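Colleague: Chains as they are written, first to last, in our numbering: chain A, 1 to 535; chain B, 1 to 306.
Simulated from the structure, these hints should not be mistaken for lab results. Do not take every clue at face value.
[Stated by the list, open to error] Residues from chain A that face chain B, not an exhaustive set, calculated with beta carbons under 10 Å:
hint : residue
1    : D143
2    : D344
3    : G491
What you are looking at is a predicted structure, and each value in this text was computed from that prediction instead of being measured. Each residue gets a CB set at the ideal place from its N, CA and C atoms; glycine is no exception.
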Amino acid sequence: MLIILTVATMSKLGKIFRSWRVLLLLFFLVCAIIAIRPSPGNDGVVIRSVLDNSSAALAGIQSPKPSGPLGYEHITSIDDSEIETLEDYVRATESLQPGNTVRIVTDTAAYVLDVPNIGINETVNLGLKVAPAATSNLRKGLDIAGGSRVLLKPQEEVTDQDMIIIIESLTQRLNVYGLSDVVIRDATDLSGAQFISIEIAGVTEDEVRDVVARQGKFEAKISNDTVFVGGNKDVSYVCRTAECSGLDPQRGCGQIDSETWSCGFFFSISLSPEAAQRQAEATKKLSVVAEGGQRYLDHPLELYLDDKLVDTLNIAADLKGQAATSIQISGAGAGRTQQEAAQDALDGMKRLQTILITGSLPVKLSIEKMDTISPLLGEQFLRNIVLVGFISLAAIGLVVVLRYRTPKVVVPMMLMLVAEVILTLGFAAVVGWNLDIASMAGIIITIGTAVDHLIVITDETLRGAGSDDWNKKMKFAMFIVFGAYATDFAGMIPLWFAGAGLLKGFAFTSIVGISFGVIIARPAYAAILKLLYEE
Amino acid sequence: MFKEKVIHFYDKNYKKLLILPMLLLVLSIAQIAYQVYSTGDFINKGTSLKGGSVISISTETDVAVIREFLDERFPGQGINVRSITDTGRQIGVTIDTPAQTDEEITPILAALRERVQFGDDDITVEITGSSLGSSFFRQTFTALIIAFILMSLVVFLYFRMFVPSIAVVLAGFSDLVETVAIFNLTGYELSTAGIAAFLMLIGYFVDANILLTSRVLKRREGTFLDRFKGAFTTGMTMITATFAAVIAALIFTNSPVVREIMVILSIGLVVDVINTWVQNAAILRIYLEKDSTHKDAHHSHGGHHE
Chain A
1 MLIILTVATM SKLGKIFRSW RVLLLLFFLV CAIIAIRPSP GNDGVVIRSV
51 LDNSSAALAG IQSPKPSGPL GYEHITSIDD SEIETLEDYV RATESLQPGN
101 TVRIVTDTAA YVLDVPNIGI NETVNLGLKV APAATSNLRK GLDIAGGSRV
151 LLKPQEEVTD QDMIIIIESL TQRLNVYGLS DVVIRDATDL SGAQFISIEI
201 AGVTEDEVRD VVARQGKFEA KISNDTVFVG GNKDVSYVCR TAECSGLDPQ
251 RGCGQIDSET WSCGFFFSIS LSPEAAQRQA EATKKLSVVA EGGQRYLDHP
301 LELYLDDKLV DTLNIAADLK GQAATSIQIS GAGAGRTQQE AAQDALDGMK
351 RLQTILITGS LPVKLSIEKM DTISPLLGEQ FLRNIVLVGF ISLAAIGLVV
401 VLRYRTPKVV VPMMLMLVAE VILTLGFAAV VGWNLDIASM AGIIITIGTA
451 VDHLIVITDE TLRGAGSDDW NKKMKFAMFI VFGAYATDFA GMIPLWFAGA
501 GLLKGFAFTS IVGISFGVII ARPAYAAILK LLYEE
Chain B
1 MFKEKVIHFY DKNYKKLLIL PMLLLVLSIA QIAYQVYSTG DFINKGTSLK
51 GGSVISISTE TDVAVIREFL DERFPGQGIN VRSITDTGRQ IGVTIDTPAQ
101 TDEEITPILA ALRERVQFGD DDITVEITGS SLGSSFFRQT FTALIIAFIL
151 MSLVVFLYFR MFVPSIAVVL AGFSDLVETV AIFNLTGYEL STAGIAAFLM
201 LIGYFVDANI LLTSRVLKRR EGTFLDRFKG AFTTGMTMIT ATFAAVIAAL
251 IFTNSPVVRE IMVILSIGLV VDVINTWVQN AAILRIYLEK DSTHKDAHHS
301 HGGHHE
């Protein structure tokens with residue numbers, strides 16, 4: 001008796017795996033898993049970005065342009081000590097001595113880096129940004145992985161062309177700060193308002209956010225005539241190496257009063273021939289004055305940043321009427337201690353250099369939203385969401401067990417719920433979607449409608465009164481499912497466009513999830529039920 | 001036996017039971033009117049919709065200690081401290097402040113550093129400008145209304161019958177209004193994620209209502225009550241399963257975002273039971289009975305003519 005039953009079940013199982021709907025589902029599941037590429041053993045530390053002109057960059061380490069989260073270069077050892085965790089990396093780099101070299105071995109190459117000299121109150125900075133390796137091809141959204149998000153709004157309407165210029169300039173500015181792991185895109189909302197969204201992975205220094213929001217209109221004026229402005233049209237080169245930039249040795253640091261210190265910085269730039277010519281024209285008209293044994297022109301070179309005077313430079317008398325292309329820019333920083341003042345001066349210098357390199361943005365931008373998200377809190381939320389997901393699935397399981405009391409319904413139903421989550425995640429991996437908390441909410445709604453629809457399919461086909469015709473009952477069940485699907489779908493469309501894209505993740509995963517569910521998984525479930533119950 | 005009695009009671013009194021959803025709708029509208037009158041907004045808006053900053057710190061320093069400390073340091077500034085808990089244990093705190101610029105937030109962060117130990121990796125700061133907050137709210141609210149209209153259109157196209165489609169739309173409208181009113185009473189504040197929850201709610205009510213409408217309209221076997229009972233069993237299984245999942249999530253989540261979503265969903269699911277299975281079912285039944293008497297009358301009239 002038992003044997004006969006088993007044989008019957010076996011042959012039914014065989015039939016199930018020959019049903020084209022089930023095969024289609026399995027095919028998509030396999031594709032999804034390949035796309036997700038779960039790699040639980042992929043631990044270690046990877047290089048997320050390389051700072052320009054840093055020891056790392058000079059040693060030949062390239063800033064990564066990975067094809068996916070699994071595509072980053074792994075650091076395997078530093079000076080023969082193995083690197084397996086972020087703590088290992090921190091420990092290995094903390095003990096480095098300036099002036100020595102360090103050997104970093106990765107899974108693709110080995111590099112020898114010079115350990116750079118360190119400034120006041122600084123730790124060794126090799127110019128590498130590292131992160132724990134990803135364990136799958138799924139991209140974590142910023143609110144889970146941690147990082148900074150800045151939402152900027154142009155103060156006036158900008159054309160598409162200007163928007164491209166803004167995005168390019170911002171990208172370049174962030175690159176100056178060694179941040180290549182950055183997503184900058186424009187966004188709009190339903191009323192047509194324009195936004196620029198910047199997402200920077202990992203912990204970011206405050207001044208980076210400061211530099212992106214600035215319009216950065218730099219002007220150098222002599223007696224109100226503009227001589228040159230920021231950007232590569234007038235400024236052909238900006239020195240950022242130690243030989244021609246840094247704290248100003250002549251001005252040095254000094255205490256202004258009991259609570260304020262001030263430090264000067266300098267860096268040299270090269271002007272284009274046209275700008276140099278403009279300077280020659282402007283200085284030609286000036287007269288020479290003598291001051292403290294040195295001879296200057298009677299009007300200084302005034303540097304304006306966003307219409308604010310930032311520094312005034314005396315022009316040496318021998319430059320009068322000369323088309324000099326090399327110019328030294330200077331400025332100062334202040335702070336409560338000498339160290340703070342020095343840091344402030346260096347930050348200010350970097351900001352000015354960045355602006356001189358990238359030029360001004362076509363319009364002023366205002367900061368609408370600025371988030372700095374802790375990777376630790378994000379990680380805790382993610383782990384908790386996964387846990388909650390499993391518990392919720394178990395709760396659903398309990399309800400369907402109580403209602404249907406047969407594994408023939410409960411097992412395929414629960415498998416389908418899991419399958420729909422995998423399909424949604426798989427699609428997210430294929431298109432490189434960043435899974436943020438809003439996307440997780442979208443997955444929850446997918447599971448929610450999946451439960452509803454699977455129950456409808458079960459009741460319509462198993463308990464549907466009247467007709468014994470399976471196809472007819474199935475058709476009716478799918479009528480309900482498709483009606484609900486079309487309505488849900490219509491409801492998600494406006495959300496895609498609303499609110500500067502902040503809820504796009506929700507719209508994306510719920511549309512994708514419900515679509516895969518309705519088109520692939522739920523019909524497969526119906527097919528399985530039919531084969532299990534049909535006489 | 002009891003079940004029979006309930007069904008019998010329902011069968012006799014389904015029109016009178018309509019009072020229940022109507023009363024609920026009227027009370028909800030009254031609550032919302034009061035909310036608008038007293039606060040100027042129809043829903044309790046949180047920091048991400050009003051503008052301000054939310055600071056979350058991973059810390060075990062007790063939430064009450066931090067609250068007292070900040071109250072003392074920044075009195076009367078509307079700083080609000082909540083705890084983030086994971087299975088009953090505090091893993092962090094969330095601080096809502098009206099500060100919108102770096103200059104305003106820096107002193108708060110500096111003060112926090114005096115009292116709480118945390119590193120750069122342990123802190124999340126989310127700053128929303130008030131113009132973005134309010135435009136975001138307006139936008140998503142508009143999106144919600146457009147979504148609602150689109151969904152109504154789909155329902156009309158799907159059933160091609162005026163009264164049943166209007167009944168579905170009315171049930172959805174009541175769901176949203178009543179959920180907003182009850183949400184206001186809970187004292188929770190709505191954030192951007194909460195708006196997503198309202199959309200999810202539309203998804204769920206659509207499932208239940210389309211099930212009910214399809215069953216009673218498209219199937220013609222048995223009496224209305226038979227068809228209703230069948231749909232009701234299915235609908236209850238659906239809602240119990242979803243409700244179980246929502247309650248489980250509500251208990252085990254540590255994320256304020258997820259908690260807010262689940263609170264809204266649980267309210268919505270409960271009011272949806274009333275709006276779908278009491279209100280919409282009664283409207284459909286009245287409609288079908290009118291329709292059949294109309295058809296019968298028409299038929300007999302035709303017969304007479306011959």
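Colleague: If a hint holds in the structure, say so; if it doesn't, say that too.
Modeller: Against the structure, the hints come out as follows:
| no. | hint | result |
| --- | --- | --- |
| 1 | D143 | holds (8 Å) |
| 2 | D344 | violated (14 Å) |
| 3 | G491 | holds (4 Å) |
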